[in-house]
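Undergrad: So the chains spell out like this:
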Amino acid sequence: MTYLKWILITLCALFVVAVGSGYIVAMMAGDHETRPDMPETGSQKAKKSKGSSIDPSVMNAKLKARLKAFEPKGIYVVIDTGANELYLKKNGEVVRRCIVSSGSGNVLEDTKVGKKWVFDTPRGEYEVKSKAVQPNWIKPDWAFVEEGEAAPKSYKDRVEEGVLGDYALGFGNGYFIHGTLYTRMLGRNVTHGCVRMGDEDLEAVFRTAPMGTKIYIF
Amino acid sequence: MFTAFCLYFIVSTVCLGSGLAWAAETPDIALENRLLSAELGLAKQQKVYFIVDLKAKKLFFKARGMVLKESGILGVRLWGSAPKLEPIELTGKTAIFAPERENVTPTQEAAAPAIENTAAPAAAGALKKDPYDIKALELSDMPTTYSLRLGDELFIMVRPFAEGAGMRALSLTQKVGWYVYMPIRTLWMAAKKEPVRTVELTLSPKDAQAFYWSFLEGVSAIVYMPQKQ
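For the record, the sequence lines run as chains P and C. Under the working numbering, think of the first position of the first sequence as 26, with each following residue one higher. Under the working numbering, think of the first position of the second sequence as 112, with each following residue one higher.
For the record, the hints were derived by calculation from the structure and aren't laboratory data. Every residue gets a Cβ at the ideal spot worked out from N, C-alpha and C, and that includes glycine.
In the DSS-like style, the derived pairs of lysine-lysine whose C-alpha atoms are separated by at most 27 Å in a straight line are: (1) K166/C <-> K87/P; (2) K155/C <-> K89/P; (3) K195/C <-> K93/P; (4) K89/P <-> K158/C; (5) K98/P <-> K158/C; (6) K114/P <-> K317/C; (7) K158/C <-> K87/P; (8) K93/P <-> K158/C.
Covered by chain C, per the in silico footprint, the following chain P stretches (three or more residues, Cβ under 8 Å): (9) 42 to 49; (10) 82 to 89; (11) 102 to 110; (12) 131 to 137; (13) 168 to 179.
Calculated from the model, a selection of chain C residues having no Cβ within reach of chain P, i.e. all distances over 12 Å: (14) K168; (15) G186; (16) V187; (17) E200; (18) K204; (19) T205; (20) T256; (21) P271; (22) G275; (23) G277; (24) A280; (25) L283; (26) Q285; (27) K286.
Please model the complete structure; the sequences and the hints are all you need to start from.
TA: Right under this line is the structure:
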């Protein structure tokens with residue numbers, strides 16, 4: 026019993042030493058600063074070297090103005106691929122909220138030719154590059170691979186009508202905002218990367234967003 | 112004597128741990144100017160970025176200087192010194208139950224469920240919560256507990272807000288355990304030459320999943336910490 030007690034005390038002591046060492050290492054790691062003088066960014070160093078002595082509140086207003094200048098003017102689109110929501114916005118205010126479907130995140134591999142497709146909706150800033158009414162779907166290679174078929178050589182064998190809804194807005198690299206036959210799947214991640222919308226919402230977005238409208242996807 | 116020793120150990124580790132915590136700060140316009148300067152660089156890019164504002168306890172999804180989405184941070188714990196107030200890129204995510212992509216086998220219809228499913232699902236009685244079993248990566252597949260590594264600077268550990276008596280008891284255990292776990296983790300990370308600074312964020316489960324979903328490798332964040340005076 027005495028031995029057990031001493032073993033436990035020794036283990037506890039070693040544990041305390043380990044924990045204490047951890048605190049010391051944490052305090053030593055980096056600068057444990059107590060003054061408000063944070064490491065400066067490159068632009069701040071450049072300003073200092075120019076002998077700038079602008080009042081901080083004036084600088085604050087200038088910086089906020091510069092940041093505000095990056096914001097899009099007028100109409101823009103925000104797509105939340107996690108929540109499957111699309112917001113049509115104007116000057117920061119929501120004009121319309123829509124339920125959409127975005128990329129499934131699935132992976133398709135064609136082992137015969139060693140090609141791989143990942144069905145994600147791309148993230149970042151884009152813009153409306155094309156607009157079409159009654160668009161036809163020009164089936165890409167993956168659509169045939171997915172069905173276990175060989176991709177056709179003829180262009181006209183790739184054309185499929187009536188599956189993209191009444192309108193389509195292209196935002197580059199083959200991605201579109203378009204309609205869908207599968208309206209019950211709106212709100213789910215079921216597409217190959219495009220953004221699918223219900224008919225009414227799609228028409229509203231199509232009529233409101235001109236070419237060049239910014240689209241922000243996250 | 113043994114009991115007294117254990118009590119002393121527990122009290123001393125809690126006191127030491129408290130010493131490493133940062134106090135809440137009054138607004139500091141110079142610090143805010145540095146945040147804005149740092150953000151300007153990110154706003155020039157065509158990418159979404161994040162601001163983790165530990166002073167306002169908000170998580171901002173931003174692009175071009177404007178807020179796309181805002182989430183509340185329900186709890187914050189800090190370990191180590193403040194990171195530099197500049198954009199840091201996400202270089203890795205770790206989760207026990209990390210989601211995995213589905214591999215589509217050719218001849219399966221991956222994205223188009225059978226059209227007969229468009230009929231009303233309520234025909235036979237109570238509605239099923241999810242009448243369509245789709246194979247896809249969705250928000251609900253994302254973990255609520257995970258760790259994010261930002262460059263060589265910082266780890267962000269995300270935990271879900273505890274709801275229910277059982278989860279609150281677990282959360283309390285985790286809170287106390289933090290003061291023992293973090294120093295030992297520090298020794299381990301220092302030995303591996305990994306970052307020691309850690310920020311633990313408590314988010315609602317949904318916000319935790321949304322953050323994991325949107326914060327991809329290669330995307331940058333700025334962690335805005337209050338400064339000790």
